[in-house]
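Visitor: My request is simple: use the sequences and hints to build the entire structure.
2 protein chains.
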Amino acid sequence: MPSAAGRGQGKDRRPDNEEQPAADDYAKERYGVSSMIQSQEKPDRVLVRIKDLTEEKADEVVWVRGRVHTSRAKGKQCFLVLRQQQFNIQALVAVGQHASKQMVKFAANINKESIVDVEGVVRKAHQKIGGCTQQDVELHVQRIYVISLAEPRLPLQLDDAVRPEVEGEEDGRATVNQDTRLDNRVIDLRTSTSQAVFCLQSGICQLFRETLIRKGFVEIQTPKIISAASEGGANVFTVSYFKSSAYLAQSPQLYKQMCICADFEKVFCVGPVFRAEDSNTHRHLTEFVGLDIEMAFNYHYHEVVDEIADTLVQIFKGLQERFQTEIQTVNKQFPCEPFKFLEPTLRLEYREAVAMLREAGVEMGDEEDLSTPNEKLLGRLVKEKYDTDFYILDKYPLAVRPFYTMPDPVNPKNSNSYDMFMRGEEILSGAQRIHDPQLLTERAKHHGIDLEKIKAYIDSFRFGAPPHAGGGIGLERVTMLYLGLHNVRQTSMFPRDPKRLTP
Amino acid sequence: MPSAAGRGQGKDRRPDNEEQPAADDYAKERYGVSSMIQSQEKPDRVLVRIKDLTEEKADEVVWVRGRVHTSRAKGKQCFLVLRQQQFNIQALVAVGQHASKQMVKFAANINKESIVDVEGVVRKAHQKIGGCTQQDVELHVQRIYVISLAEPRLPLQLDDAVRPEVEGEEDGRATVNQDTRLDNRVIDLRTSTSQAVFCLQSGICQLFRETLIRKGFVEIQTPKIISAASEGGANVFTVSYFKSSAYLAQSPQLYKQMCICADFEKVFCVGPVFRAEDSNTHRHLTEFVGLDIEMAFNYHYHEVVDEIADTLVQIFKGLQERFQTEIQTVNKQFPCEPFKFLEPTLRLEYREAVAMLREAGVEMGDEEDLSTPNEKLLGRLVKEKYDTDFYILDKYPLAVRPFYTMPDPVNPKNSNSYDMFMRGEEILSGAQRIHDPQLLTERAKHHGIDLEKIKAYIDSFRFGAPPHAGGGIGLERVTMLYLGLHNVRQTSMFPRDPKRLTP
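Residue numbers (the UniProt record's numbering), protein chains in the order written: chain U, 1 to 503; chain L, 1 to 503.
Fair warning: there could be bad hints in the mix.
[Stated by the list, open to error] EDC-like, lysine to aspartate or glutamate: derived pairs with alpha carbons at most 20 Å apart:
#1 U/K112 x L/D459
#2 U/K42 x L/D306
#3 U/K215 x L/E210
#4 L/K453 x U/D183
#5 U/K455 x L/D183
#6 U/K266 x U/E210
#7 U/K243 x L/D497
#8 U/K243 x L/E277
#9 U/K413 x L/E210
#10 L/K42 x U/D306
#11 U/K51 x L/E265
#12 U/K383 x U/E352
#13 L/K42 x U/E41
#14 L/K455 x U/D183
#15 U/K385 x U/E343
#16 L/K215 x U/E210
#17 U/K42 x L/D310
#18 U/K42 x L/E307
#19 L/K413 x U/E41
#20 U/K453 x L/D183
#21 L/K499 x L/E277
#22 L/K215 x U/D183
#23 U/K51 x U/D136
#24 U/K455 x L/E277
#25 L/K51 x U/E265
#26 U/K42 x L/E303
#27 U/K42 x L/E349
#28 U/K215 x L/D52
#29 L/K395 x L/E425
#30 L/K383 x L/E343
#31 U/K112 x L/E265
#32 L/K243 x U/D278
#33 L/K42 x U/E307
#34 U/K395 x L/E41
Quick caveat, the hints were computed from the structure, so don't treat them as lab data. All of these numbers come straight from a predicted model, not from anything done at the bench.
Guide: Printed below as a string of structure tokens:
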């Protein structure tokens, strides 16, 4: 059992300004800095979770491990807030039977963010404790040991990091800018907001896979180091590969399609996608996580569109059901309307979208791609008209899609391709792919692509290929837009962009 | 509805050697090459799965889409084997009311691996049909249309590709060598063995995550492009990153540990891991899939070891329960003993392993690492003594582990580190990590590591870090060893090694 002030590993490991406990300190065994946990022993002490400290535990003696979120000395008392992930509780160290004045001073001087083991009695609070998640109880501390000591100066304050920007602007209170956050990500990720964002993101991945496995999909693993840049070589990172060189995959598409040609029928994969684009926007990363789907269909690519849309709907519903606490936590700092969607998902044709935009005063051609502002505007128009934050735009002009996109059978200027949008921003791009090597060759030629470079791709379809379609979803964008956040760096733990490679 | 010989897209799309149907062909609407499926229509035709064609469906008329696995003409009849993933059925086209002699000839001439839509009556077979999974029924074909035509010469024959090596050796029958397989992976992945291997691999990932999420872990996404090679720079791939350069992550370890320091407590990730090692062995890849775990513990790293071992046990059990068909399919080509494991998992200390090896005649020092042959031998000794194919080796000598490994608190020559083995091969390496920046600095100096290069790593622990441990599992190795296969390239869909970057 870690114990006794005397067991610390020397003065340099003690909190600042602490005096040696006086010889007459009757509590001297009850606090101190524990020696580093090196798996010396296996005590049978139970550590209770802070979120489980409720009125039902009143008057029980419990051990808790938490971080010192704040501490405030007040005469013969010290109030600590102990934090564990998104939960926190008030702890009181007061001079009395268990605590000496030296112990109160020790507690008051523990650096914020240090990890402590505390033994205390759970007491009902006389009135609701405002700043804590555990509002009905507090902990009356009987022993306190520092398990891991934080350095005294934090690069950012957690309370500043969760403050809504509007409060910062109106009241002049401190908030934390994005680069400071990202430079000190280990601290920034400790905030209730960050904890909630990334727990919810974990949930998105889980719901994505759960749904697809239920639908009979198989998870595949596709290589990230590839020998040829499949879409012509733009925006691709080069890797030195022994005495030669290679590329980082811009998408798993070729490999997903090979799996379809290899009879896996319905596949998905979750993995990093690399884009060497020098785009410094709120929604571009050079490395992001792709949630990718590819599926053989019987007669019509809408069979696939329906499966993808339903998968997203299952994700939205699952988040509502399982992550309500996290959504509310994020909303406190970043207020936003709840995410709305329809069942079945609204599907508009591109020409309808163009008509809606024109009616709103936008001038654009039939075969022109959507600009980012027009995407956003369209999102607002769709929301007004259909009351949904999620919809599918189908039948894009062939001219704005990649060479492997299947042309529309009726109108050769259109294609069997689609994007999906959340709150007016694209989160998925997909299409029926050409599965016929002859047509694929023609289309590649039309696009001026060097056939030699895509020979392996075209050859994949020479030994019988089922009609198929698919798409790729950007995980960070889905997280951002579901939660109504404004920058994809908020939903990437360690974002990569042209200017950031660390931490 | 695709129909009629006349709807083919011209002669070049027809199977070889086919004559134009005679004008007097009474079945001419009942066969042919369909036009490419371009999502022209949404027919309400139901395609039945081959695996669902059983005696219960006898005398029903069904539509099936499958590949022509084999075809054999015999007088006025043609026997086809139609395949769908791991399942296949015999189909008979016979001159009669529905089929003309031209139609039988057409069917007989369809290139193997072409995809066809077939309408037929399910008939009980007079005797078990040996070569097919559906042994009790056959399909009497009434219509047959080619959906996607394969080229006539296949680079490898599927029957050769599933032949057990011993048959090839004994009877001189053809088998397919590994490079031919990998060069033509789209075909090789269609075999029943490959289908089973990769469905089971998908199951491993699913069971890994299912188990950890049940245990309260959070899934994280870690960057693969990193600014500094964390373990000193050996065996790392370099990436050109805009005007600068970067590296591919050799493991997600630093990021997993940062998440622990950021209070996520229990995290896992599944993703590619890159090793620029010029090792051409049966078990090394330059890119593989890591199943990674990191977890804060209370007092002893065995809390983590137990969780990891239990996770693997849950995977083994889940595979037994859910993937029995796949295991049996693989066993047909690669016979092997069922995988054995104990509950709880056997945990031996390194010194015990050294003693067992010495008793078996091996000469080795106390602080010497295990060679590959000794690992294998130890696996056999452990199997003999304890009857398990899975065990943990604990307390490795400190000298053979990385600088961030926590030393043993009692014997400073040992460490709080462990490997896990399946059938005598390492599948996981892990340890308690040093969470104290001061000790970490000392150990890095001892290893002669440039402190400047690992500053960010050490700084992660300066603001309070809980004791933690973790490990990384190689997905391809787990798949290989569970199934008793002999080369990790059999369990990587698109393997990467120093000599292979394609497909």
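Visitor: Confirm or reject each hint.
Guide: Hint check:
1. U/K112 x L/D459: The hint holds at about 16 Å.
2. U/K42 x L/D306: 13 Å, holds
3. U/K215 x L/E210: Roughly 17 Å separates the two Cα atoms, so the pair holds.
4. L/K453 x U/D183: 16 Å, holds
5. U/K455 x L/D183: Roughly 13 Å separates the two Cα atoms, so the pair holds.
6. U/K266 x U/E210: 14 Å, holds
7. U/K243 x L/D497: Given pair U/K243, L/D497 holds - Cα atoms ~13 Å apart, limit 20 Å.
8. U/K243 x L/E277: Holds: U/K243 and L/E277 sit about 12 Å apart, inside 20 Å.
9. U/K413 x L/E210: Violated, at about 46 Å.
10. L/K42 x U/D306: Holds - the C-alpha atoms of U/D306 and L/K42 are around 13 Å apart, at most 20 Å.
11. U/K51 x L/E265: 14 Å, holds
12. U/K383 x U/E352: OK: U/K383 and U/E352 at ~15 Å, within 20 Å.
13. L/K42 x U/E41: Measuring from Cα to Cα gives roughly 67 Å; hence the hint is violated.
14. L/K455 x U/D183: 13 Å, holds
15. U/K385 x U/E343: It holds: about 16 Å lies between the C-alpha atoms, which stays within 20 Å.
16. L/K215 x U/E210: Given that 20 Å is the threshold and the Cα spacing comes to 17 Å, the pair holds.
17. U/K42 x L/D310: It holds: about 19 Å lies between the C-alpha atoms, which stays within 20 Å.
18. U/K42 x L/E307: 15 Å, holds
19. L/K413 x U/E41: 18 Å, holds
20. U/K453 x L/D183: 16 Å, holds
21. L/K499 x L/E277: 11 Å, holds
22. L/K215 x U/D183: 31 Å, violated
23. U/K51 x U/D136: 12 Å, holds
24. U/K455 x L/E277: 29 Å, violated
25. L/K51 x U/E265: Cα-Cα ~14 Å, so holds.
26. U/K42 x L/E303: Cα-Cα ~9 Å, so holds.
27. U/K42 x L/E349: Within the cut-off at roughly 17 Å; holds.
28. U/K215 x L/D52: 17 Å, holds
29. L/K395 x L/E425: The hint holds at about 17 Å.
30. L/K383 x L/E343: 15 Å, holds
31. U/K112 x L/E265: 19 Å, holds
32. L/K243 x U/D278: 11 Å, holds
33. L/K42 x U/E307: Roughly 15 Å separates the two Cα atoms, so the pair holds.
34. U/K395 x L/E41: 15 Å, holds
The structure does not agree with the numbered hints 9, 13, 22 and 24 stated previously, though it agrees with the rest.
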